[in-house]
Every structure is written in structure tokens, then in C-alpha cells.
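Chains as they are written, first to last, in the working numbering: chain A, 7 to 265; chain B, 5 to 215.
Just so you know, the hints here were simulated from the structure itself, not pulled from any lab data. In this text the structure is predicted, and so the values were computed from the model without any measurement. You may find that some hints are simply not true.
As the list claims (entries may be wrong) - Across the chosen pairs, the derived CB separations fall in these ranges:
1. Phe198/A to Asn56/B: 36 to 44 Å
2. Ala105/A to Leu151/B: 55 to 63 Å
3. Glu73/A to Asn56/B: 25 to 33 Å
4. Gly166/A to Asn197/B: 30 to 38 Å
As the list claims (entries may be wrong) - No more than 27 Å apart at the CA atoms, straight line, and that leaves these computed lysine-lysine pairs for DSS-like:
5. Lys103/A to Lys135/B
6. Lys51/B to Lys130/B
7. Lys100/B to Lys130/B
8. Lys58/A to Lys69/A
9. Lys135/B to Lys148/A
10. Lys103/A to Lys51/B
11. Lys59/B to Lys141/B
12. Lys128/A to Lys47/A
13. Lys128/A to Lys103/A
14. Lys141/B to Lys130/B
15. Lys58/A to Lys47/A
16. Lys130/B to Lys128/A
17. Lys73/B to Lys59/B
18. Lys141/B to Lys148/A
19. Lys100/B to Lys135/B
Stated by the list, open to error - Pulled from the structure, derived: some chain A residues nowhere near chain B, Cβ distances all over 12 Å:
20. Ser104
21. Asp137
22. Phe158
23. Tyr170
For each residue, glycine too, the CB sits at the ideal point set by N, CA and C.
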Amino acid sequence: MRKTSKFITVLIYALLLAACAGTQSRHTDPVNDPWEGFNRKAFAFNDTMDRKVLRPVAVGYDKAMPEPLQRGVGNFFRNLDAPVTFINLLLQGEFEKSADTFGRFLLNSTIGLLGFFDLATKAGVPYHDEDLGQTLAAWGYKDSRYLVLPVFGPSTPRDGVGRYADSFINPVGLQIHIQEHWGYWLVRGIDFRAQFLSRDGELGDAYDPYVLMRDVWMQNRAFQIYDGDPPAADYDLFLEDAFLNHRYLEVDKKPDPEQ
Amino acid sequence: MIARTLRNTAKTLLLACFVLSCGNAMAVPDGNDPVSLVVNGMTGLFKEVDDNLAKYESDPAALQALVMKDLVPMLDTNYSARLILGRAGRDIPPEKVQAFSDAMVNMLVSRYSYGLLQLHSTELVKVLPQKGPLNDKLTRVRSRVVLPDGGEAPIDYAFHMTADGWKAFDLIVEGISYVTTFRNQIVPEVQANGIDSVIERLTTGELQLAE
Numbered sequence: 007m008r009k010t011s012k013f014i015t016v017l018i019y020a021l022l023l024a025a026c027a028g029t030q031s032r033h034t035d036p037v038n039d040p041w042e043g044f045n046r047k048a049f050a051f052n053d054t055m056d057r058k059v060l061r062p063v064a065v066g067y068d069k070a071m072p073e074p075l076q077r078g079v080g081n082f083f084r085n086l087d088a089p090v091t092f093i094n095l096l097l098q099g100e101f102e103k104s105a106d107t108f109g110r111f112l113l114n115s116t117i118g119l120l121g122f123f124d125l126a127t128k129a130g131v132p133y134h135d136e137d138l139g140q141t142l143a144a145w146g147y148k149d150s151r152y153l154v155l156p157v158f159g160p161s162t163p164r165d166g167v168g169r170y171a172d173s174f175i176n177p178v179g180l181q182i183h184i185q186e187h188w189g190y191w192l193v194r195g196i197d198f199r200a201q202f203l204s205r206d207g208e209l210g211d212a213y214d215p216y217v218l219m220r221d222v223w224m225q226n227r228a229f230q231i232y233d234g235d236p237p238a239a240d241y242d243l244f245l246e247d248a249f250l251n252h253r254y255l256e257v258d259k260k261p262d263p264e265q
Numbered sequence: 005m006i007a008r009t010l011r012n013t014a015k016t017l018l019l020a021c022f023v024l025s026c027g028n029a030m031a032v033p034d035g036n037d038p039v040s041l042v043v044n045g046m047t048g049l050f051k052e053v054d055d056n057l058a059k060y061e062s063d064p065a066a067l068q069a070l071v072m073k074d075l076v077p078m079l080d081t082n083y084s085a086r087l088i089l090g091r092a093g094r095d096i097p098p099e100k101v102q103a104f105s106d107a108m109v110n111m112l113v114s115r116y117s118y119g120l121l122q123l124h125s126t127e128l129v130k131v132l133p134q135k136g137p138l139n140d141k142l143t144r145v146r147s148r149v150v151l152p153d154g155g156e157a158p159i160d161y162a163f164h165m166t167a168d169g170w171k172a173f174d175l176i177v178e179g180i181s182y183v184t185t186f187r188n189q190i191v192p193e194v195q196a197n198g199i200d201s202v203i204e205r206l207t208t209g210e211l212q213l214a215e
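Okay, chain A solo, but in the shape it has when bound (with noise of 0.2 Å):
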């Protein structure tokens, strides 16, 4: 019960925000990243941990488990979501594609073994991935700006809100948040983590790697809420400026729903 009206609260203080952000646009800013300061702290954090923590743990997974029982692995998550995805495709009034989830959870539920096999996606049955950050951006509060969470990564006050909530909706999840299971999240963040081990190379190669993971995170939400489709980078305003952003903004300082 107690937490039943948690989640309410978090869902209230979703709407207020998503309301305060529906009454302007932040577009013209190429990176929304204000909080840079304490951002490049956080991340300069969560990259230690990964390198002493994470990381070798999860080479020890990836190692351990053959190709095929990780992709039951990832799929098994991934079908947990279904619930996610489908409520916000409600919440975002697109039935159809909602209904293409609640048929692919069902299938792979039963006949897919709890999940570990995506016998949907053979099927043809479209997959999609929707989550409360994708619905408020839907709802009208699209520009949210660049915030790395300790531990979670790369994130928007707007996503970190929707994914606090989404938690409760996720049947697995629901049950942690009741009993307090932590381990879950555990595999979890470890398979995830497995997925971009290949990824490791460029990151460490890059000239300023906070900027190269906000860039390819920030580029690859926008595209996750306008479903594939979203606004092409202002190319002309490239070819005449090649400001940093971080002037860029001091220049164009605007009034701000999140100050």
C-alpha cells in the first residue's frame, strides 16, 4: 500500500514536470547539458567503478556463458519490459502497437519459456520499446536535460523520474521493490553491461569520453522518443560555427523548466 502511493507521487511529480516543460522549446541548443560540471564528476565516478568493479565482472560473464544462453539471458529481460512498454504505448495512445506487445508477452511467456526465447520476433510480431521518459517526451516535455546518475549512467531528469516508475510496472520489478531482492538488478546491470564490451575500444580512444557518451546517449534517446524518426542536426548551423557547446549555451541562455 505504502508503495502504491509512492509510485503515485513519483507519477504526480512526472505530470507537473511534464506540464512546466510543455510551455517552451529548447531546440536550438545543440547539446543540452548545463550541469556539465557535476555531470563529468559523475561520470568520472561511474567510470572507476566500472573499471574496478563492473567491467571485469562482467568479461568473467561474458566468458562464462555461451553466445546462445546470453541471448536467452537478454531476451528474458528484455520480455520483462513487455508490461513497460505496453502501458506507455497506451499512455501514448498508439493501441495497435501496444497490442503487438501484449501478443509478444504472451507468447513468449508461455511457449517462449519464461521469455528466454523470442519466438515473437520470428513470428514477425513488431517489437518496440517504450518507456515513462519516451511517454513524457510524447506528452510535449521533449528537451530534457544531460544528467549522469551515479551508478545508472547517462540519464535526464525527465528519464531518471520515468525510470524510477517504470520499476513498479515491471512485474519483477514490482516484487524487488516489495521484498527488497536486489539481485535482480544485479544480473541485470551485469548482461547489460555485457552487451558493450566490444564498445570498450572506442570510448578509451576517444578524445574526451564524457562528450563521446553524451553525444552517441543524448542522439540515441531522441531517436528511441520520435520512434526512428527524429529531427536531422542543424548541418548549416555546423558549416558556420564549430562553437563548444558549453559557450554555445552561455550565449543563449534561455529560461529553463528544470532551475
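Once you have looked at the hints, place chain B on chain A.
Frame of chain A; chain B shown alone:
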């Protein structure tokens, strides 16, 4: 043997996909529109690699030469370089911009060639039909690479019209633009260390385009 047959079947399907895509791109019949350029460029390249797979697996230089011949003419690499360098490029003499552009292309070609060999027989490329009217300044061609687990990796090409026809100047993988991403890495580095150091790092393969 069976693997080989499967592979050939998959490639036939792949070609069928391209033919279908061609059919969808009938809006501009001359075949020089962005969608046709992507479809034709890829079809020739995939067929050539498939027919001589053993050769290209053992000879990366030959594969890179092939990619250079088939794909690079489709690109406006100098424009990409100018977009990436932006203001940092203003004080740089044109020949240095060209050198930067060449180094970038070489690096891209070597990465692309490597990726081409990793494509397994179950993977297919679909080029989606043109969405909306053609825009001389920016027309996006959308394609999907079908992955072994059934998922799709979306890859878009940004084209613009030049004196030599349509040329691509950006590659967007899962929403992540090479030009945007690379630019935010390159500009501070050029400002800190100068263009020569950046060209040098690109040429030695130390600096790679991240995606």
C-alpha cells in the same frame, strides 16, 4: 556445404530485397536519386564480395580498394570534413582540410570493409522507400540491417545535391550521426593540438570514428 547453400539463398533474398526497393523508388526514374544510389552501390558491392569471398577475406587491401571504388564516389567527403571542422576549419588551408578528409575516408573505408566481412549469411540489408519529397539540402535514405536475432539496426544516409549530383555526407546509425559525434571530438582536439596532430592520429588508426 549447407552453410554455403544457405548463404547463397540469403544473398538471393538480399538481392530480391534490393530489387523490391528499386521498385519502390520509382519516383525518380533516372536511377540517380539517393535511394537508387544506395541500392545500386550496395548491390554491386555485396555481389562482388559474395562471389569472391575467400579472396577478400585473405586480402583486406583488395577489399578496401573495392569499397573505395564502389562507395566513396557516392560521398561528399570534403563537405563532411567541413561540417566536422566548422569554425576550427576556417584558419586551416584548403589542402589541410583535404588531407583531413582523405585520412577520415581511409579510416572509414577500413572500418566499413571490416564490417562487411562480419556480415553473416542471415543478415540482410533493406533500403526503405523515399519518404516525402526530395530536398536538395538534405534528403535522408533509410536502411535496415537485419541482425541474426531478428532485430534490426537502422542506418540512415544524409544526402545533398551537389554539382555532381546527389552525394551522401553523413551516416546515422541508430540515431547517432557520425558528423555530429565526430565533430564534438575533433573540434576541441584541433583547437588543443592542431590539425596536423589530428591527421596524424587518424592516419595511424589511433583515432577512430566512434559510433
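Evaluation of the provided hints:
Range check, Phe198/A to Asn56/B: about 39 Å between beta-carbon atoms, so the 36 to 44 Å window is met. The supplied range of 55 to 63 Å is broken by Ala105/A and Leu151/B, whose beta-carbon atoms lie about 24 Å from each other. Judged by the Cβ atoms, the range 25 to 33 Å given for Glu73/A and Asn56/B holds: they are separated by roughly 29 Å. Between Gly166/A and Asn197/B the Cβ separation comes to about 36 Å, which falls inside the hinted range of 30 to 38 Å.
About 21 Å separates the Cα atoms of Lys103/A and Lys135/B, which keeps this hinted pair within 27 Å; it holds. Using a Cα cut-off of 27 Å, the hinted pair Lys51/B and Lys130/B holds, with the two alpha carbons roughly 15 Å apart. Simply put, Lys100/B and Lys130/B have alpha-carbon atoms about 37 Å apart, too far for the 27 Å limit, and the pair is violated. Between the alpha carbons of Lys58/A and Lys69/A the distance comes to roughly 18 Å, so the proposed pair stays at or under 27 Å and holds.
At roughly 23 Å between alpha-carbon atoms, Lys135/B and Lys148/A fall within 27 Å of each other, so this suggested pair holds. A hinted pair counts as satisfied when its Cα atoms are at most 27 Å apart, and Lys103/A with Lys51/B does not qualify at roughly 36 Å. Distance hint between Lys59/B and Lys141/B is unfulfilled; the C-alpha atoms sit about 40 Å from each other, more than 27 Å. Pair hint Lys128/A plus Lys47/A does not hold up; C-alpha atoms about 43 Å apart against a cutoff of 27 Å.
Pair hint Lys128/A plus Lys103/A holds up; C-alpha atoms about 17 Å apart against a cutoff of 27 Å. The straight-line distance between the Cα atoms of Lys141/B and Lys130/B is roughly 24 Å, inside the 27 Å bound, and the hint therefore holds. Distance hint between Lys58/A and Lys47/A is fulfilled; the C-alpha atoms sit about 17 Å from each other, no more than 27 Å. For the suggested pair Lys130/B and Lys128/A, the alpha carbons sit about 17 Å apart, so the restraint of at most 27 Å is met.
Between Lys73/B and Lys59/B the CA atoms are separated by roughly 17 Å; this keeps the pair inside 27 Å, and the hint holds. With a CA separation close to 26 Å, the supplied pair Lys141/B and Lys148/A stays within the 27 Å bound. With a C-alpha separation of about 37 Å, the suggested pairing of Lys100/B with Lys135/B is violated against the 27 Å cut-off. Against the 12 Å criterion, Ser104/A stays outside the reach of chain B, whose nearest CB is about 20 Å from its own CB.
Distance check for Asp137/A against chain B: the nearest CB is about 16 Å away, which clears 12 Å, and the non-interface claim stands. Non-interface call for Phe158/A relative to chain B: holds, since the shortest CB-CB distance, roughly 20 Å, exceeds 12 Å. Every beta carbon of chain B lies more than 12 Å from that of Tyr170/A, the smallest distance being close to 24 Å; the non-interface claim holds.
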